[in-house]
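J.: Chains Z and A, in that order, give the protein sequences.
Residue numbering for the first sequence follows full-length UniProt numbering, beginning at 1 and increasing consecutively.
Residue numbering for the second sequence follows full-length UniProt numbering, beginning at 1 and increasing consecutively.
It cannot be assumed that every hint is accurate.
Unchecked claim - Each pair of labels, with its calculated beta carbon distance range:
{"no.": "1", "chain 1": "Z", "residue 1": "Arg215", "chain 2": "A", "residue 2": "Asp167", "range": "52 to 58 Å"}
{"no.": "2", "chain 1": "Z", "residue 1": "Gly259", "chain 2": "A", "residue 2": "Leu128", "range": "45 to 51 Å"}
{"no.": "3", "chain 1": "A", "residue 1": "Glu21", "chain 2": "Z", "residue 2": "Ala182", "range": "47 to 53 Å"}
Just so you know, the hints here were simulated from the structure itself, not pulled from any lab data.
A quick note: this is a predicted structure, and the numbers were derived from the prediction, not measured.
For every residue, glycine included, the Cβ atom is placed at its ideal position computed from N, Cα and C.
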Amino acid sequence: MKDHPLSNCEEKFVLAAIAENRRFDGRGVYIYRPIVILYGHDRGCCHVQIGCTRVLAQVSCEVIIPKQTRPNEGVLHMNVELSPMACPSFEAGKQSDYGVEVNRALERLLRDSLCIDLESLCIMSGEKVWQIRVDVHVLNHDGNLIDCSSIAAIAALSHFRRPDVTVSGEEVTIHPLDEKDAVPLSVNHIPLSVTFAFFDQGRTLLVDPTDQEERVMDGKMVVGINKHRELCMLHVSGKMLVLQDQVVRCVNIAAARVGEITDLIKDTLEKDNAARKSGKEFGFAKCLADVILGVDDLLKHYVDSMSVDTTSVGQTAKTVVDADGNRVQMEVDNAETGNVSIKVPGTGKMSTNTEGGAVTWCEGEESDSDVILLDKNDSTSSEVSSKQVSAVVELSDSEEESVLMTSQDLERTELSKSRAIETRENRGGRCRGKSFGGRNRGKRGRGNGQRYF
Amino acid sequence: MAGVEVVSEQGFRTDGRKPNELRRIRCKQGVFSHADGSAYIEQGNTKVLATVYGPHEIRGSRSKALHDRAYVNCQFSMATFSTGERKQRPRGDRKSTEMTMHMKQTFEATILTQLYPRSQIDIFVEVLQADGGNFAACVNAATLALIDAGIPLKDYVCACTVGFVDDVTIVDINHLEETNHIAEFTVAMLPKSEQFVMLEMSSRLHLDHLSKVMDMATKACKDVHLVLDRAVRDHVSEVWQQLGNT
Chain Z
1 MKDHPLSNCE EKFVLAAIAE NRRFDGRGVY IYRPIVILYG HDRGCCHVQI GCTRVLAQVS
61 CEVIIPKQTR PNEGVLHMNV ELSPMACPSF EAGKQSDYGV EVNRALERLL RDSLCIDLES
121 LCIMSGEKVW QIRVDVHVLN HDGNLIDCSS IAAIAALSHF RRPDVTVSGE EVTIHPLDEK
181 DAVPLSVNHI PLSVTFAFFD QGRTLLVDPT DQEERVMDGK MVVGINKHRE LCMLHVSGKM
241 LVLQDQVVRC VNIAAARVGE ITDLIKDTLE KDNAARKSGK EFGFAKCLAD VILGVDDLLK
301 HYVDSMSVDT TSVGQTAKTV VDADGNRVQM EVDNAETGNV SIKVPGTGKM STNTEGGAVT
361 WCEGEESDSD VILLDKNDST SSEVSSKQVS AVVELSDSEE ESVLMTSQDL ERTELSKSRA
421 IETRENRGGR CRGKSFGGRN RGKRGRGNGQ RYF
Chain A
1 MAGVEVVSEQ GFRTDGRKPN ELRRIRCKQG VFSHADGSAY IEQGNTKVLA TVYGPHEIRG
61 SRSKALHDRA YVNCQFSMAT FSTGERKQRP RGDRKSTEMT MHMKQTFEAT ILTQLYPRSQ
121 IDIFVEVLQA DGGNFAACVN AATLALIDAG IPLKDYVCAC TVGFVDDVTI VDINHLEETN
181 HIAEFTVAML PKSEQFVMLE MSSRLHLDHL SKVMDMATKA CKDVHLVLDR AVRDHVSEVW
241 QQLGNT
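Work out the full structure: start from the sequences and follow the hints.
T.: Here is the structure:
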């Protein structure tokens, strides 16, 4: 399926926001989205989430005959899989150009920087070496795939253990796990990438672009670097021109950023190891209980982690024109937070329960108890057109907890519910923290939790 | 480091060059009569042919047409006999797909594509012999071919590779030096405005050396520019004379 491009209005709006150093999700220009790293039950399985971008990396190994040119070096093979599940524009089968770009970026970052000691993977020179294969599966695409994949790949490599081998003369024994403990790979350093998106002929740059920002950017620069301030990869793509001092600036920002991510990886690895040693539960099943992965919780998680600047927000919309052309007064719910509730029939209601449910329309008084907001901080008109109102849809968990979305968001809800919320936030709408509350948490178990992997 | 020393104690490289010395560049424009523009370049033992067709009507699927600018179509291929070990296929593997993508981005950013809406410009490059710095040679050859075809560019696009080993920056690295896992930069830049169009780096390099390496890359690209510019001027004056002018 061909990717549908961003509309001109959206594009202009994103660019205008970026020109003011604002971002749709309320982040600062150099701020990353929250990173969550989870390890699976098996060794070498790692799931990384940056905002809504999710990637799963799995490391495996096998014994092969080495290349003739390098008889005593093992092989590190990278494979990136962009499945249509992550984004409708990705096609199954042959790797697309974008897939090749991500794949090559990872290869250069991990293999060419010699982060894994390949000589230690040699069993018998010229005859038997280990091939370490890293499969990176993209589960959801919301921008910044290279960073997310690089974290997943290196974390999975550090987490992986290969079977031990003994060589006596010509005989090679590969010990099964119950015979001898598996050995970790020798990881020399942890290279990580930091992506910068360039806008406005390189005048503005952002760290960790979302999918929306990636669609409108001029180009991006990916800086691969490790904690020791060693540059491991540099990659500029897109049609843009950069100056030397811009490169140096980006590299310095990346150098500062990489330390935090390295610490996070080490920290999560240690915790996982500790859990394995002490016989506690580990793996995704355990993590599911600890880390929030349900849709409802994801929304809450996402909203909690950001602060929206409302200092310059003013209440501009006072009346609303309904479908019959009558003007309806909008009630200001809370002047301080700028929350507005619209009490008109024709407001949609959508279920986000894990069980699913039909989309319904509110009838008159019913909607009174629901909190609706439509804070138009980008609107200069004092009226909201009837189209907008009739397109308003409610995203409700229960009677009291509800959220409003606009029609555009509704379309995307199928794709990514959380992204829809983000967009609504971007429109300046601000929801009550309570709207996303965890009342529903008990229900999570009933749904098919696994589908989020 | 295993293998040969990249820079000897006397300060010379394995092929006898000084660290900041480029390989000899020989180039010729207008090597094919059929194509709108063509060029051949030799950088040491790296030999590349480039042809340019266009701007012409969109070929193949109509959906590629862009309403506000020309579509740039690139194809990078390496002859099966270009490397020491015979290659299985000239294009289609990941490395050449990556090269094709880089070429495309490089020239989309430098050709004044907005002058030719709904048209297509084809750039085909073929590496005849690979001896390091393939991408750089391809970009230089394509630039010459584009100039030969009379396609407006922002500036010459000059590319070169720079390596860093044992505290020494070496320019225009050859295949032997490439295989030693030295930090390698491939840059393509517009020499007048000193803007980088393409920047690729692999292996490891400490940040302290970054500015030094990039300065050297800028210098090397400007040197390449001098050579290309002279070749273009020579070619034009030759054509001028052939047309019966003196």
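J.: Could you run down the list of hints and mark each one as holding or not?
T.: Against the structure, the hints come out as follows:
1. For the pair Arg215/Z and Asp167/A, the supplied restraint of 52 to 58 Å is violated, since their beta-carbon distance comes to about 43 Å.
2. One distance hint, 45 to 51 Å for the beta-carbon pair Gly259/Z and Leu128/A, holds here, with the actual separation near 46 Å.
3. Remark: the range hint 47 to 53 Å for Glu21/A to Ala182/Z is upheld by a beta-carbon distance near 50 Å.
Going down the numbered hints, you'll see the structure goes against just number 1.
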